[in-house]
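So the protein lines, in turn, are chains A, B and C. Residues in the first sequence are numbered consecutively from 1, following the numbering used here. Residues in the second sequence are numbered consecutively from 1, following the numbering used here. Residues in the third sequence are numbered consecutively from 1, following the numbering used here.
In short, the hints are calculated from the structure, not lab data. Everything numeric in this text was worked out from a predicted model, so none of it was measured. There could be a bad hint or two in this list.
Pairs count within a copy or across copies, as identical chains cannot be separated in the list.
Once the Cα atoms are required to be at most 16 Å apart in a straight line, the calculated EDC-like pairs of lysine to aspartate or glutamate come out as [as the list claims (entries may be wrong)]:
1) Lys294 <-> Asp220
2) Lys95 <-> Glu229
3) Lys50 <-> Asp271
4) Lys34 <-> Asp318
5) Lys294 <-> Glu189
6) Lys48 <-> Glu317
7) Lys294 <-> Glu159
8) Lys93 <-> Asp227
9) Lys27 <-> Glu76
10) Lys294 <-> Glu33
11) Lys98 <-> Glu186
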Amino acid sequence: MDFDAFDRRSFLGVAGGALICTIAGQKYQLNSEKDVRRASAALPVPPKVKAGRDNPTVTKAAVAGNRKEYWIQAEEVTWNYVPTKKDQMMNTKLKVGKTAAASYAYRQYSADFAQPLGPATIPGPLIDATVGDTVVVHFRNACSLPVTMHPHGIFYSAEMDGAYKGYYTDPGGFVQRGRTFTYVWECPEGTQGTWLYHDHGPMDPLPLFRGLYGPMIIRDPDEPLPDREYFLGFATASPAYLPTLKTSLFTINGRAYTGNTPSMTANVGDDVAMHVYGIDNDFHTFHVHGHRWKENGVVIDNKTFGPGDSFRVRFIEDNPGRWLYHCHVFSHLHQGMSGWYNVS
Amino acid sequence: MDFDAFDRRSFLGVAGGALICTIAGQKYQLNSEKDVRRASAALPVPPKVKAGRDNPTVTKAAVAGNRKEYWIQAEEVTWNYVPTKKDQMMNTKLKVGKTAAASYAYRQYSADFAQPLGPATIPGPLIDATVGDTVVVHFRNACSLPVTMHPHGIFYSAEMDGAYKGYYTDPGGFVQRGRTFTYVWECPEGTQGTWLYHDHGPMDPLPLFRGLYGPMIIRDPDEPLPDREYFLGFATASPAYLPTLKTSLFTINGRAYTGNTPSMTANVGDDVAMHVYGIDNDFHTFHVHGHRWKENGVVIDNKTFGPGDSFRVRFIEDNPGRWLYHCHVFSHLHQGMSGWYNVS
Amino acid sequence: MDFDAFDRRSFLGVAGGALICTIAGQKYQLNSEKDVRRASAALPVPPKVKAGRDNPTVTKAAVAGNRKEYWIQAEEVTWNYVPTKKDQMMNTKLKVGKTAAASYAYRQYSADFAQPLGPATIPGPLIDATVGDTVVVHFRNACSLPVTMHPHGIFYSAEMDGAYKGYYTDPGGFVQRGRTFTYVWECPEGTQGTWLYHDHGPMDPLPLFRGLYGPMIIRDPDEPLPDREYFLGFATASPAYLPTLKTSLFTINGRAYTGNTPSMTANVGDDVAMHVYGIDNDFHTFHVHGHRWKENGVVIDNKTFGPGDSFRVRFIEDNPGRWLYHCHVFSHLHQGMSGWYNVS
Chain A
1 MDFDAFDRRS
11 FLGVAGGALI
21 CTIAGQKYQL
31 NSEKDVRRAS
41 AALPVPPKVK
51 AGRDNPTVTK
61 AAVAGNRKEY
71 WIQAEEVTWN
81 YVPTKKDQMM
91 NTKLKVGKTA
101 AASYAYRQYS
111 ADFAQPLGPA
121 TIPGPLIDAT
131 VGDTVVVHFR
141 NACSLPVTMH
151 PHGIFYSAEM
161 DGAYKGYYTD
171 PGGFVQRGRT
181 FTYVWECPEG
191 TQGTWLYHDH
201 GPMDPLPLFR
211 GLYGPMIIRD
221 PDEPLPDREY
231 FLGFATASPA
241 YLPTLKTSLF
251 TINGRAYTGN
261 TPSMTANVGD
271 DVAMHVYGID
281 NDFHTFHVHG
291 HRWKENGVVI
301 DNKTFGPGDS
311 FRVRFIEDNP
321 GRWLYHCHVF
331 SHLHQGMSGW
341 YNVS
Chain B
1 MDFDAFDRRS
11 FLGVAGGALI
21 CTIAGQKYQL
31 NSEKDVRRAS
41 AALPVPPKVK
51 AGRDNPTVTK
61 AAVAGNRKEY
71 WIQAEEVTWN
81 YVPTKKDQMM
91 NTKLKVGKTA
101 AASYAYRQYS
111 ADFAQPLGPA
121 TIPGPLIDAT
131 VGDTVVVHFR
141 NACSLPVTMH
151 PHGIFYSAEM
161 DGAYKGYYTD
171 PGGFVQRGRT
181 FTYVWECPEG
191 TQGTWLYHDH
201 GPMDPLPLFR
211 GLYGPMIIRD
221 PDEPLPDREY
231 FLGFATASPA
241 YLPTLKTSLF
251 TINGRAYTGN
261 TPSMTANVGD
271 DVAMHVYGID
281 NDFHTFHVHG
291 HRWKENGVVI
301 DNKTFGPGDS
311 FRVRFIEDNP
321 GRWLYHCHVF
331 SHLHQGMSGW
341 YNVS
Chain C
1 MDFDAFDRRS
11 FLGVAGGALI
21 CTIAGQKYQL
31 NSEKDVRRAS
41 AALPVPPKVK
51 AGRDNPTVTK
61 AAVAGNRKEY
71 WIQAEEVTWN
81 YVPTKKDQMM
91 NTKLKVGKTA
101 AASYAYRQYS
111 ADFAQPLGPA
121 TIPGPLIDAT
131 VGDTVVVHFR
141 NACSLPVTMH
151 PHGIFYSAEM
161 DGAYKGYYTD
171 PGGFVQRGRT
181 FTYVWECPEG
191 TQGTWLYHDH
201 GPMDPLPLFR
211 GLYGPMIIRD
221 PDEPLPDREY
231 FLGFATASPA
241 YLPTLKTSLF
251 TINGRAYTGN
261 TPSMTANVGD
271 DVAMHVYGID
281 NDFHTFHVHG
291 HRWKENGVVI
301 DNKTFGPGDS
311 FRVRFIEDNP
321 GRWLYHCHVF
331 SHLHQGMSGW
341 YNVS
């Protein structure tokens, strides 16, 4: 198919319970992995991707500074968004129907993809760098559809942005099944912070809403490491994108409801960091019971954030007990967006 | 009933105009106070609550620093969200149907609940403390369902958080009808700010969405008092939780539409503080006509905030006239979220 | 009609595809310009407007400091929200139905309305002032309904706020078809910043949601000018207010989808300013690929903002290539809220 036909795809949303997209004028369902495979096969390949597909020279990039190297694969996974089927906050056995769904997840491997370092997880593995480092991510796609890794915050050249850009797409913005792309990202002064990465490929936001996102940190070398740190990704798991779900589940790190979401722990006296990001269509707030922190000299205990936002909360732990942390949007809280924070 | 049965309640939302919840597998309507009473009777009592219910030692806590003592009762009240039935901003006689609804409200009493210090109000009474104080709130519940007081920003031990936590619930997180609990909260350095308190009991968010929230301030002793100050709680009054309402009313301090919401006043030269908080499922912005203020050195006249957020706007009044203040979300503004600010 | 009858108008929202409002107890459709004319004729004229309508003395105000004078007319215009019918980001020929709609727009004229300085545009012309200036806007209304100009951030007396305030409305808050009002606004120290202006008349938000908004800047004289600057207004174009549209279009500067929205450009080394504001019912985030900036010492690349918020992003350009900028709410992004930023 001629890429210049200028008729790629647009999601038509959910029709009769089925997620539909149009590619080159033809409609495709996107419910099962078979559907996704069929739709993906119809996607025209952008010209720069076509030219670059057998040209792995990008993976031989000279790398400045300290090299932080990752091997990450995007995989199909059945993910259970509420493994316990219970909500400890409400002491409730949940009646939310099936909570497992065909999803996608990033999975970390040892060098040269020799072996997985653990299961595929939602969110994906932490990318952990320090100002001065160069991050090299060898990315392999084992999903049926083209997906990518697009990072926030870190410095990268335009070919390394992992974003589908139509005609102008670089090879890293359209990584097909079975193919590898090596992203080289840099951490100069001015990139320090709490960040995230996520798919930004031609089927966006489908793969992301099925799990392709993860946390990244670029540490300031002049700042002491915290004693404890947690990375918390806030995202809605929606039946529109995960058709086996019966209801929207408001997840933290891919799990909904207290006892399923991360149970954080700390000791009194610990220097605690919580790294929070949002990655769905909703706005959230982050609230921790019994704790507060300073933002620009103002004391707060609740913070609004939107999709793509990421921030760090940091305090010296001074308050033992069993605490709740949660999104303070009540409808989100009561659909799963809460967890325990236990301080000894 | 065995509390470990792990089958508490989950709201099923509105079905056929009736708010429904499930407790221990059985459905209960929550529309009338009689419904609420029946549902509440079915709520199993958490073990620590059961053990503590005849043990009032918590009320005898030693209190450090200056003691700020409050007697506050949660009551059933019929609240009129639009008493004038008019919108002065639009010079409109409103056609929004019945605007009174069976609600809940906190009410302040004199020492030992001798007598009320005024009517029950939405929001509840201001809790006003200064860094170094200890706040002691003798809380009594006169509502049919268990409710609580959960504060933001102030320091409190885990037993004093006023939050329902399922099996782990402390007595202050499940205060039954006719019972009293004394919350002891502290104001060390690092708690100063504009805060709020609200129900966080086992039926959350029902009691809160029917009115159980209020403002709190912890003053910095090194900062001069303003000449005028106002506390403004932004919250949606929704027919889903207030079934006699015909439409959502976007309220400030429990009232919707200009002339019903607070009409603030000031004189030129006054040091004016406006304390704003959000306590519903929505995000809002706070905008004052003809005025601006600095936030971290940047001049703004409009500020986004979410549920649980609270902040202070402060400026020296320099602009006489009749001004509007409002949420800049147009659909909220035109459903009641605006008021007068009159400067002489 | 007696203005004191206190029965002005309230939008009843969309009924059967038609936008309906009530004025003095009678229903009016607002779809066609003829509808709007009929509804507007029924609007009672506020007393101060009636008294002031033949009294143009307000236009002779003494003006302090440097005078920045504008002649701006509000006009009816057919606006195409997606002129190319394509989305370059997705390389998609869009199937979104008719994308042109009867709209309103501000248009800049030369002195004394001698001649237009270009077409009417959504958003309207930039109002560009510096601290110390006085801005004088001669505003003329050529639309069928009364409209106004209400500014953010700048200093203005209550009669100059351009806001409908029911009985208390000043002449500048109700400018009828064919009439002129001269707004005098001042820029003392403490007003510097990125701002906006918009209609705040008696039919608010209809005229605004059909295009009556624009950018304003008050420059700090001590700050160097950027090499490049862009003003970006984020707003939903909704079929509820633009009935010829078939679907909501999420626009930046009145255009939806990459290739229609502003294509910004810069050179490496440029001092670049992006001025962003939101002016609809939605919350958005602003994200630029491959770039980041500091806010209060924290590095960010994504920022949440709400209706009425305005802010400036500024950085020294260091990263050549073709970049996307977009709202990170995925449903907004994929309904048009993205654009190119090309750096040489």
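| task | Provide an ascending list of the numbers of those earlier hints which the structure does not satisfy. | result | 2, 3, 4, 6, 7, 8, 9, 10, 11
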